[in-house]
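Asks: The sequence shown: position 47 = 48 (the numbering used here), numbered continuously.
Any given hint could be a false lead.
To be verified - With a straight-line Cα cutoff of 25 Å, these simulated DSS-like cross-link-like pairs (lysine-lysine) come out:
{"#": "1", "residue 1": "Lys23", "residue 2": "Lys9"}
{"#": "2", "residue 1": "Lys134", "residue 2": "Lys23"}
{"#": "3", "residue 1": "Lys54", "residue 2": "Lys104"}
{"#": "4", "residue 1": "Lys23", "residue 2": "Lys46"}
Stated by the list, open to error - Now the in silico label distances, taken between C-beta atoms and shown as ranges:
{"#": "5", "residue 1": "Asp18", "residue 2": "Ser89", "range": "40 to 48 Å"}
{"#": "6", "residue 1": "Pro69", "residue 2": "Asp15", "range": "19 to 27 Å"}
{"#": "7", "residue 1": "Lys9", "residue 2": "Glu56", "range": "38 to 46 Å"}
{"#": "8", "residue 1": "Lys134", "residue 2": "Lys39", "range": "14 to 22 Å"}
{"#": "9", "residue 1": "Glu130", "residue 2": "Ser59", "range": "34 to 42 Å"}
{"#": "10", "residue 1": "Glu88", "residue 2": "Leu22", "range": "19 to 27 Å"}
{"#": "11", "residue 1": "Glu117", "residue 2": "Glu56", "range": "22 to 30 Å"}
{"#": "12", "residue 1": "Glu4", "residue 2": "Lys104", "range": "26 to 34 Å"}
{"#": "13", "residue 1": "Lys104", "residue 2": "Glu56", "range": "16 to 24 Å"}
No lab work stands behind these hints, which were simulated from the structure alone. Note that CB positions come from ideal geometry on N, CA and C, so glycine has one too.
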Amino acid sequence: MQELEIVKILKENDLSDVEVLKNTEEYILVNFYFDFDKDLQDAAKAYANEESKEEEFSAKWYSEYYFPYLYDFANDEVLEVIEEIIESLDLEGEMMAFQMTEKTSDYVQFMALFTEEESNVAIEEVVREYLSK
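Go ahead and model the full structure; you've got the sequences and the hints to work with.
Replies: Next comes the structure, spelled out in structure tokens:
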């Protein structure tokens, strides 16, 4: 499969620590991160303060306003990149994002699975198998 091209597109779109976790005849599993810059974190903070009556930096403020803003933004951006890979390389692709916590509030970790068209491989199964090793 087209490992080098996939990695190149991910890196060109400012995704960090791109790592191919597994490359088989059936699929490629890739791990990478979407890092938040200060402007985006400031926008999330402003949104959370404007939309919430919660105390700034409280658990509810983070979980219901701040994290969802950043998480949704990262998901939208990464989805566009995955769609670009699918279209330009004629592959199927799926992605999954890991939940954010206060310790991981500077980034969202993603895994993406790329397969040839009409494959029956699902990302949940591949990730579960990979993480269990």
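Asks: State for each hint whether it applies.
Replies: Going down the list of hints, with the structure as the test:
Between the alpha carbons of Lys23 and Lys9 the distance comes to roughly 16 Å, so the proposed pair stays at or under 25 Å and holds. Straight-line distance between C-alpha atoms of Lys134 and Lys23 comes to about 12 Å, which keeps the hinted pair within the 25 Å bound. Proximity of Lys54 to Lys104 is assessed by CA-CA distance (about 23 Å); at most 25 Å being required, the pair is judged to hold. At roughly 37 Å between alpha-carbon atoms, Lys23 and Lys46 are farther apart than 25 Å, so this suggested pair is violated.
Under the hint 40 to 48 Å, the C-beta atoms of Asp18 and Ser89, about 22 Å apart, miss the expected range. For Pro69 and Asp15, the Cβ-Cβ distance of about 22 Å falls inside the hinted range of 19 to 27 Å, so the restraint holds. Taken as a hint, the range 38 to 46 Å holds for the pair Lys9 and Glu56, whose Cβ atoms sit roughly 44 Å apart. The hint said 14 to 22 Å for the Cβ distance between Lys134 and Lys39, and at roughly 37 Å that hint is violated.
For Glu130 paired with Ser59, a C-beta distance near 38 Å keeps the hint of 34 to 42 Å intact. At roughly 23 Å, the beta carbons of Glu88 and Leu22 sit within the given window of 19 to 27 Å. A hinted range of 22 to 30 Å for the beta carbons of Glu117 and Glu56 is inconsistent with their spacing of about 51 Å. The hinted range of 26 to 34 Å is satisfied by Glu4 and Lys104, whose Cβ atoms lie roughly 31 Å apart.
For the hinted restraint 16 to 24 Å between Lys104 and Glu56, the CB-CB distance of approximately 20 Å keeps it satisfied.
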